[in-house]
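Engineer: Starting from the known structure of chain A, arrange chain B on it as the hints suggest.
For the record, the sequence lines run as chains A and B.
Sequence positions in the first sequence follow the numbering used here and run 212 to 622.
Sequence positions in the second sequence follow the numbering used here and run 2 to 225.
Rather than coming from a laboratory, the hints here were simulated on the basis of the structure.
The beta carbon of each residue, even a glycine, is placed where N, CA and C say it ideally should be.
Don't take every hint at face value.
Here are a few chain B residues that sit away from chain A, every Cβ distance over 10 Å (derived from the structure) [what the hints assert, rightly or not]:
id	residue
1	GLY76
2	THR83
3	MET128
4	ARG142
Computed Cβ-Cβ distance ranges for the label pairs, DEER-style [unchecked claim]:
id	chain 1	residue 1	chain 2	residue 2	range
5	A	VAL601	B	ARG88	54 to 64 Å
6	A	ARG232	B	PRO119	30 to 40 Å
7	A	LEU563	B	PRO119	51 to 61 Å
8	A	LEU219	B	ARG124	17 to 27 Å
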Amino acid sequence: MNTQLELLRFAWRNVLRNRRRSLATIVIAALGAAAVMISGGFALYTYDALREGAAREFGHFTVAHRDYFQRDEETPLQYGLAGYPALIAALEQDARVTRVLPRLNFSGLISNGDKSMVFMGMGADARAEGEARGVFLKLTDGALFGGMDAGAPRVLLGSALAKSLNARPGSPLTLLTTTVEGGMNAVDVEVSGIVSTGWPEVDKRLVYAPLAAVQKLLLTDKVSTLAVYLESTDQTPAALADWRAREPKPEVREFRPWWEQAFYYQSVRALYNRIFGLLGIIIAVLVFFSVANTLSMAVVERTREIGTLRALGALPGEIVAGFAREGALIGTLGALIGMAMAGLTSAILLGLDVQMPPPPGRSEGYPLKVYAEPAIYAVAAGVIIILCIVAAWSVSRKAAQRPIVEALGHV
Amino acid sequence: MSAPVIELRGIVKHYRMGDNDVPALQGIDLEVASGAFVAVKGPSGSGKSTLLNICGLLDGFDSGSYRLSGEDMGGLDEIARTLIRRRRIGFVFQSYNLVPVMTVYENVEYPLLLAGLPAAERRERVMATLEQVGLATLGERRPDHLSGGQRQRVAIARALVKSPSLVIADEPTANLDTVTANQVVALMRELGASHGATFLIATHDERMTSRCDVVRTITDGVLL
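Isolated chain A (complex conformation) (with noise of 0.2 Å):
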């Protein structure tokens, strides 16, 4: 038999000599293995609905002046995009290009004629929205506007707002705001329906108007921005790289990528990071420590037949390889437990409609989902298995060391 497989069977009995110890031990392992498994999984979830949500929202990237990005406008639209229709034209004729939005962003007061808020609002065509941000822009009363429609003095009211002017599908409102020239214009509106982006602060001020009314409010032809959505948020590195290289005026137009804007994606990921980090590190100390303790007990109680091994000329790197042929086979077995439990519950929360809390800031809750991803499992797995080898070698080291007539003498 192979002289490794066959070192490899003494390790695997001596895992098994005090079966409880080994036991516990692979327990420790397993369920550190599926800790990290699991809480690895979950903060991808996270971490890609998240990504998804603020590539639906910015698109997955956005074309505006390239001061819009980093300045101030003094005036609406003071650094809005003009003869956009071109440029929509040409990002059209790109395959991975599903649809271009344009977007006039815009303020002012709403009221209805008795009470009077501040709103933020966009001037968008609000069915085209909708389809393009899925589940994160909810359609709550009414009816979205769109297409034939986008011209008429319609707008969608954030679910907070609407509470706040006491309006429903078919009010009427009025929209104050200032014209590109600076001056004051005002347009009479129709509720045409109320949503809920899942950020309470937002729903507080949320205004959708039509496209072209908002044009015709501020007095202009401008749009802030144009979002480019693509078919998969992957090929956004790629096609974001294609449309700054032909951008024949980089000084003007800017392509800025979704992950830029996303402030609230970035520091959530950033947090989970460093959460799901230091628990890694707490797994990995205590799946050590356990280890270590096991194996240490086993140093102890077989110090004379390691004595006996070194009389017959094992070396003492071979004596410290056997005990992390032992360590390797706790991890291993862990691992593999752990990946079992780890799979298991990603699959009974895939069938399992279990929701988390709203997060800091929002209204709404999530699905609680966890990836089984490959990846995660593979360098868990590995992170256990050599944590075990190091406690074994650390453990046994000193022990192989030790003088033989000492080792021989033990009791």
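Structural biologist: Only chain B this time, still in chain A's reference frame:
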């Protein structure tokens, strides 16, 4: 005439006990011829085991010289001594010291595994040695399913399987009844002769010393 397997000259060994130096061996001179069956007897604490440990390269010495089959063993580092033990020295312990997780076959095979012999050769030598000690049918048993005599026979097989030039046996019959002890001594003599091994045995068992070629007595670290 071939060189002695063991050639000790003026071996001195002290143990440190707290602040005191305790002399264990005080200028030992010993020659053991190849193939000899030599016993060292003496009371407990006389230095028998220390002498055997030095001869078996399990322990070092403070001064003097030791030549094993003509080769100087002084100044060797631990790795070099380990590799010499691996190839050229077998051990039989009073408490057998078999590895409990290994079967009889595997215990005997282990020194050959360390020596890196191919599987086929290992199998051939292990089976032949087990046959010689009369345990060929018990190869799959674990040591805890054997009697004391059987265990000592496994230990003898383990010591001789690699055909060492020297076998160190520390009180090999101390834990055995008379009949079994006699069988074990006979076996050691017989196998020693067939494998060409020299035996150096520490004992105070008369059943053992009466069957040895040479018996030396050690008292207070001095070989008489």
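Engineer: Enumerate the violated hints, using their earlier numbering and listing them in ascending order.
Structural biologist: As far as the earlier hints go, 2 and 5 are violated by this structure, in ascending order.
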